[in-house]
Structure formats: C-alpha cells, structure tokens
Amino acid sequence: MPEQLPLPPGTLELLILKAVSLGALHGYGILTRIEQITRGALLTEQGALYPALSRLEHQGLLDSEWGISSTNRRAKFYRLTTAGRRRLREEALSWNRVAAAIGAVLSAKLQEG
Amino acid sequence: MFARLRSLWRHFRHRTRTEGELDDELRVHLEERAEDLVRSGLSAEEARRRAHIEFGSAENYKVSVRESRRLTWLEDFLSDLRFGLRALGGSPGFAVVAVLTLTVGIAANTTIFSWIRSVLLNPLPGAGAPERVVALESIAPSGEWFLTSYLDFRDFRIYTKCFESMSVAYPMGLFTGDDRSVERVRAQLVSGSFFDLLRIRPEAGRFFAGSELDDVQNAHPVVVISHSYWASHYRSDPSAIGSSIRLNRHLYTIVGIAPPGFQGSQPGLSFDMWALATMHGQLNAAGDWMLQDRKTRMFYVLARLAPGLTLEQARREVRAFARRMAEADADTNQGMSADIFPMWKSHYGLQESLLAPLSILMGAAGVLLLIVCANVANLLLARATSRHKEFSVRLALGAPRSRLVRQLLTESFLLAFCGALAGLGLAQQLTGALQYLIPGGALRYYLSRPPVDFGVLVFTVLLTVGVAFVAGMAPALHAAHGNVNEALKEGGRSASSSRTAQRFRGLLVVSEMALAVVALVGAGLFVKSFRIARAIHPGFDTHQVAMAQFSMSSAGYDRQHADSFCRRLREQLERGPGVVSVSYADYVPLGFGGDSWEDLQIEGYVPGASENMKIYRTLVSPGYFQSLKIPLLEGRDFTLQDDRDHLPVMIVNQEFVRRFLRNQYPIGVKVNGWGKWFTIVGVVQDTKVFRLTEPPRPYFYVPIRQIYRPEMTYTFFVRTSAPLNDAIAALLTDAKAIDPASPPVNTISLEEFIQQSLFSQKIAANLLSILAATAILLAAVGLYSVMAYSVVRRTNEIGIRVTLGARPANIMRMVVVHGLLFGLAGFIAGSLVAIALGRLLSSTLVSVSPADPVVYAATAAFALVIVLAASAIPARRAMRVDPMVALRYE
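Protein chains in written order, with the working numbering: chain V, 607 to 719; chain U, 111 to 1000.
Only chain V is shown next, with the shape it has when bound in the complex (with noise of 0.2 Å):
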C-alpha cells in the first residue's frame, strides 16, 4: 500500500469534480478514481465523501441519476454539468497559479540562502 498523505482541506471537492470530469461515477467508483488520481487513498474517512457528494450536487455542479454499478448493484451516478465543468477549470486554474506562485516563492528563498 503507498503512504498515506492527509488530504489538503477544501480539495476534496476539486478531487470529485476532477474524478467525474471523464465520465459519470457511483460513490464508491469516485473514491476507487481519487484514489488512482492520487496514487494512495487520502481520505481519513471515506463517509466524508457523501456530504461533499451532496453539497457539490445542490450547488448545481453534479447532476446525479441512479443506474447499474459494475456490481450489478443499483448506485447513484454522478455527472459533471456544465457550471461543474466551469467550475473545475476555474478551480484548476487558481489552484496552478497558487503553486507556481509558492514554489516561486520558495525557489526564490533558495536562491538567496
């Protein structure tokens, strides 16, 4: 199993629209797809995953409609919308821009020592 790293707070969300963005998922398919994304599990809890699940789905950004997992269990499937969509690249965008920045500003500091 690779090590296990918290995962930053407020980017679960980002994660979930990133997992969904290639096709629509059950719960349980999103945290397999974070997980593959992140090479390791960084969820402490994984119920934490449904609260985010519903949040993102009454802000309009996931659209959600009930069909067969590869299981053959009937799941609920989350699909990215359009302000979803949006939403992702605006959040990927800033989210690039904050890292470059930072590690600017950490290359900098090495410079200088």
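A couple of the hints might just be wrong.
What the hints assert, rightly or not - Rough simulated footprint, nothing fancy, chain V against chain U, three-plus residues with beta-carbon under 8 Å: (1) 130-141; (2) 157-166.
To be verified - Some but not every residue of chain U turned toward chain V, in silico, with C-beta under 10 Å: (3) GLU145; (4) ASN170; (5) TYR171; (6) GLU177.
FYI, nobody ran anything at the bench for these hints, they're computed from the structure.
Note that the structure is a prediction, hence the values are computed from the model and not measured.
Each residue gets a CB set at the ideal place from its N, CA and C atoms; glycine is no exception.
Using the hints provided, position chain U relative to the given structure of chain V.
Below, chain U without anything else, positioned relative to chain V:
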C-alpha cells in the same frame, strides 16, 4: 440559481425517497469496498469490519448530508449577514451616513405614499369592492360642479337602473351634551342604505334597516357611532348600544358601532357618527323643506354600480336621466346635468385639491430616492474600492464571484433594511404632519390621520428591496469583476479598476447633482407661483380681522333667537378695546366652504338663450364692507333699518354692473330673486370669491335680516386695532357669556382662514422646498465624498506639484475647478430634464413659465454655493499636503 431551485424542489418533493436513497447509496459503498478488500485477501468478516472503519460513522455523515441539502442557502445567508454586520460595524461612519441617507429617502416616500393611499388610492377604507362605488355629481349650466338636492337624488335612486344602491352623505358638525357642557362631534348624515352600499358590517349592534331606509322625514332618531368614538367615550362598553345620546338637543339612540378603521365616505376625512339624512330637518332646526327643495343642492351622492355594468354604461344612463329631469323640472333644473366619477376623481373633498400637489410631491420624493440610491451606491463604491484587496484575496482563495456579489448585496440589503426600519418610524411621525399643511379651518377639523397600514408597509418593503438592488448592484458587480492577479500584484491598488470606479462615481455624482437641480427648479417654480398667487389682492383686507363661525341650527335657534343672539353678540363685541367694526355674514370669501347662488331676473336685461343667471351672493349685516375694507363705490351701505319690515335692497359689485347694467345708472335698478323685487342701493369693488386666480365675476349682497335660512352658519368678523389674539379671545368669551350652548368654531384670524384658497399651492411650495433642500444636501454629501476621495488618491501627485513649485492657491484652484466641473455637468443635465418635465407642471403654476429664467438663475446660484461648500474641505486638505509626506505616501 435555477440549479439551486431545482435542487430545493427535488428536496421537498422526494424528501422521504432521498432518505431511502441515501441509505442505499451508503450500503452499496460498504458492500463494494468489502468485496474489494476480500479480493485483496481479507476474510469476509474482517473485510466488512474494515470497510465500516474506513467509512467512519455512517449516521454522522447521513446527518451532514441532510444538513448540506437543507441549509447551504440559509447558512450562506446567515454567514453573509454576520460578515456584513461585522464589516459595517468596522466602519461605523460609513454605516451611519448610509443608513441616515436611506432613512430620509424611505421616510419621505412612505409618508407621501401613505397620504396618496388614504386620499386617492384607498378612499373608502373598510368598504367591500370599493372600486364599484362611484360619486354622482350635478353640473350647472355653466359647467360648474355641484352637490345634489335630495329630490334629484331620490329620482335618480327610483328611476335609474344602473346602480345597485345609492346613498347621500352630508357632513355636519353636531353638538352632544346638555346646556352646561357641549362637545362638537363630526357627523355624516346618510341614507339608510349607506353601510350596505359600502358593504360594511357592524362591529356590534346593527346598522340602519327596515323603515329607516325610506324617505319619511324626522321619524328615526337613531345613530351609529365610530369604533374610535365608542372606545373614547364609552370605553368600548357593549351597553353603549341602546343608550341615548343628545344631538343638537334632541335625544337619539345608539343602534350600532362601525368596525375599526371605517371613517366615513369622504376620502381623507374621518367622522364620529352617522345619522339618517331624513333627520336633517330636526338636527338643523330647519323643518323639512330643505329635503323638498330641488334648489337646495347640498348632498354628496354615492352609488354602487349594478353587477356587470361598466362605469361608461352607467354614465350614459345618468346623463340621459339628468337631461330628462332638466326638462321635467325646468323651473329648478333647466340646463342642469349630472355625471359619475370614481371616488378619487370626485370634485368634492380633499382629493380634488390634493390630486395635483400629491402627484407632484410623489414625483419629487421619487427624485429624492434616486439621489439616495446614487449616494449609497457612491458610498458603497468608495468602500468597495478600498476593500479591493480583501475581495481579491477571497477570489484567489476560490470564492466564486457570485458569492462575492451576494455578500455585497447582503450588505446593501442590511443598510436598506436598517434605513427602512428607521424610515418607517420617522414616517409614523410624519403622516400626521399632513394637517399642518392645511391651514386652520373646517377641513383640518375633519382630517383623519393617514395610517401606516399593511398597504403602506408593502410599498415600503418593495421600495427597500428596490433601493437595495439599485444602490448595491453596481458596486457589487464592480467589486466582483476586479482582476485578481493585477490587484494582488499591485498591493491592493489596482489602477485600472479604481479608475473605472472613480469614473463611475463621478457619473453618479453628476446624476445626483442633476436630480437635485430638477428638484430645486421644481421647488423654485412652485415657490414663485405661490408668492405671485399670495400677492394677488383679493379685493378686501384680511389683516387685523378675527372671525368665528356659529351654527344657528346646531344651537336649535329659530329666526327670532338667531336675530337677538347676533344683535347681543355684536353689541358686546363692539364694546371691546380697539374694536373698529363688527359685522357678520353667511359666507367667508376665499374659504373652502359651500356657497350659494340665486336665479336673478334683472330689470332691463334680457339674458341670452342659454345664459346662466345663477349669480353667487352673500348675506351680510351692516358694516360688512367696512370690516373687510371693501370700497363702496356708489350709493350706500346697508343699515339696521334694512330688515324684513322694509323694502328689500341689494348691493352689487362692479362686474355685475359691467355685465348686466351697461349704460345704466345702477342705483335704483330692480332685481328679482327669492320671488321678491330688490332695489340696488350700492355698488362695491370686485372681490375674489373662490380662488385668488379667478377672473372677476358678477356678485351681489343682500341684508342678512331680509333673507332668513335656518341652516345658515353665521360668521362674525371683528376688525380691531388691538392685538388680534384679544379679539379672537373676546369672540369666544362673549359668545359663551350670551349662550354657553352655542360655542363658535373656527375662531381664528381671517388671514389664516382664507389661506385655504391657496391650499394646494402652499402644500406644493412648502413640501417641495423641503424635499429639494434635502435633495441638494444629499447631492452635496455625494460630491464631498467623491472630492475627498479624489484628493486622497492624488496626494502623491499633489506632493509632486508642490515640489515643482505649485502654490497652495494653484492646488486649491485645481480641486475646486474639479468640483465645479461636476456641478456644471449636473446643472446642465438637470436643467435639460427640468425643462422637459416643466411642461407637465404648467397647468398647476400661476403666472409662472416652467422655463422661468429667475428660477433657473437662483437654482444655479444655490447649486454653486453648495458645490463650493462641498469642495472647500477637500480643497483645504489638498492645500495642506506636505510634499515630503506626500511623496512617501503610498
């Protein structure tokens, strides 16, 4: 927004289903996880345990899922509210100025709306389906509006089919109590069908019914009292019903209580009780002839349209029937006609005189509110600019822009809401002020206090929401659309974004100035018009004259009693110190009151085919012309000998002579009226009768002792050289000494009384001045805030200028010119709007052109002073900039 609504909808619709679905969803998760774990080598039992542990408390998560569905919106709102309160608390100066500004705007609009509502929009509070109730009015051959005689009313009621029911209404001051202590009450004499017509149910007891609905005179001494009279005089005791009350010395029985809020059928006025019109003869001590005389046109007529009939259809029938009456009763009704109107268009009562001024005031209040919005937007924008860094950080941290817009709108809503609360409180105080705009006199006595009721509340709430949006939207959008990167890079001083904000604020200030100029021009026009109207000489002298009115009928006097009362009072008053002349008459010129005409036949004058020979007149005592200083041009005044035992005599005015007695020496000409021949013994100068602005009209005077009408109200005039208040006091005490049971009403100076003729002019001029002053003040605050901010922003630049050798005077000029440019732009824009709007006012103005250059010049001068004052403080601050400090300033 729609997504959220959809989600809410889903939530409410499938609440129970989603609960079950959530269980399913979590169960699938646990099962699939357990299967995966089994595949990685765990036992089924261990895998299930692990799956549960990894998941955490399913119950807790279910709760938070439910909450996330239900509460995000409310939570966001509450957190916005908390944040807003904290943000406003952080800059109390800004919050106070903004809330005060909003308070003024909202209070002004709420107050004027409550007046409009009570007088024009909701003229019959408490009535059912009031839009079907109309006023029926008679029209004289000259086109003038008249009240209606009882017989005409009765014929309309019996012979027309367009009304479900009809009722008369006649306002009458009555006296309750016995000889020792009397109290005046405001009564309406009405038909038995009055309350049914208005669809009003009694609070207790009953309304008129049965034989009370017929036309038999003086048969039913019953009365319905108002809810507030019941509360104030009977402590709301149910046993009041059935008890007796003495009205004008006659015993009446209280049969019912009107519901709370019902004030009678005359918009804006309130009454204490309602008796039957058929009791008029008894209450008035006039006998029953007045209800049997077609020429005694004294009743307001209300009617409810028959079901399914439109006003136009009813109007056609009313007109046709009035034409038939004019032929059938040609001796009294020749040439007369009739028409019906919605209550708010009726020609009698407050609505007639208030329609124009209130509409204009509402417009002015709207202008004021726009200025308020611009001002608050301006303040918010200034704040948004200084909070730019805060917003940028929040945007960078991922707050959606819509969330920021909402946050700022919540703040402007918070401000508007505080302003509305304070505004409503202020409006509560102001609504009663309507009475101060009406000069003392009969009308003020009947005036009701417009309530701040549910309708007004709805208006205020809508207004508040509108204001919050209008004032908050631009700053909110501006703040939310700032460029994050730039803002962060420049350390919170985004040059381009604050430049657009500053430009927008400049635009706001210019529009504020423009609106204030519109208000000022409007006020200026009305003030000038009022001045001109007031300066018109009425043809008589109102200074140093005290007056008091006595109702002979209320005191139960017959002719002999009335004569002796008047004689004794006159003698008593004449003995007072400084008294120059005492007289009495049945009419006060330029008052609001009713007036009478008589059909005249003039010796040697042949009227045209449709010429109106109904000439207005006053019955006067000897000395009347002296009391009012109306110059006697020919002949003699009346004397004490001109009574009913001597030859009937008459005095006419100049216009009478010009119109009817061309080429003839007027003295000695005989004129027929009231079935008698009068001899003209004198000619007096023309006077204004109804309005100061009217052209001269033929008029005549007859000795009051030669014509007796029992319903008459006698008005005593006392011209004095002593202080006027002494004469007013003497009128009260002398009358009381002669008969304590006949107290006078309207005991005031004649000057104050006749101001009623300028009533609407006065309201418009006074209130518009107040609104305009407030408007320019608010605009000045807006200008000041922009100027002050601009000076702060340019501190650097000013420092450089000073370093390069600019003198304080140059700096000051730079700032003041900046302010003047705003002022000039505002003045030009405002003048253009004012000229365009001025045409709407031309009909309400007296001899003032809407483009009056003096008014515009005065407005410009006033605006200039205000602009200079608003620029002075920022300019001073700019002059004192220390270049060393300024250059370091960032």
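How the hints compare with the structure:
A count of 8 residues in the region 130-141 of chain U with a Cβ less than 8 Å from any Cβ of chain V is obtained; the coverage claim is therefore met, three being the minimum. Residue count for the region 157-166 of chain U with a Cβ under 8 Å from a Cβ of chain V: 3. That meets the three needed, and the coverage hint holds. Taking 10 Å as the C-beta contact cut-off toward chain V, the hint placing GLU145 (chain U) at the interface holds, the least distance being around 7 Å. With its C-beta approaching chain V no nearer than about 7 Å, ASN170 (chain U) sits inside the 10 Å limit, and its interface hint holds.
Interface restraint check for TYR171 (chain U): the shortest CB-CB distance to chain V comes to about 4 Å, inside 10 Å, so the restraint holds. With a cut of 10 Å, the hint placing GLU177 (chain U) at the interface with chain V holds, because the nearest CB-to-CB distance is about 8 Å.
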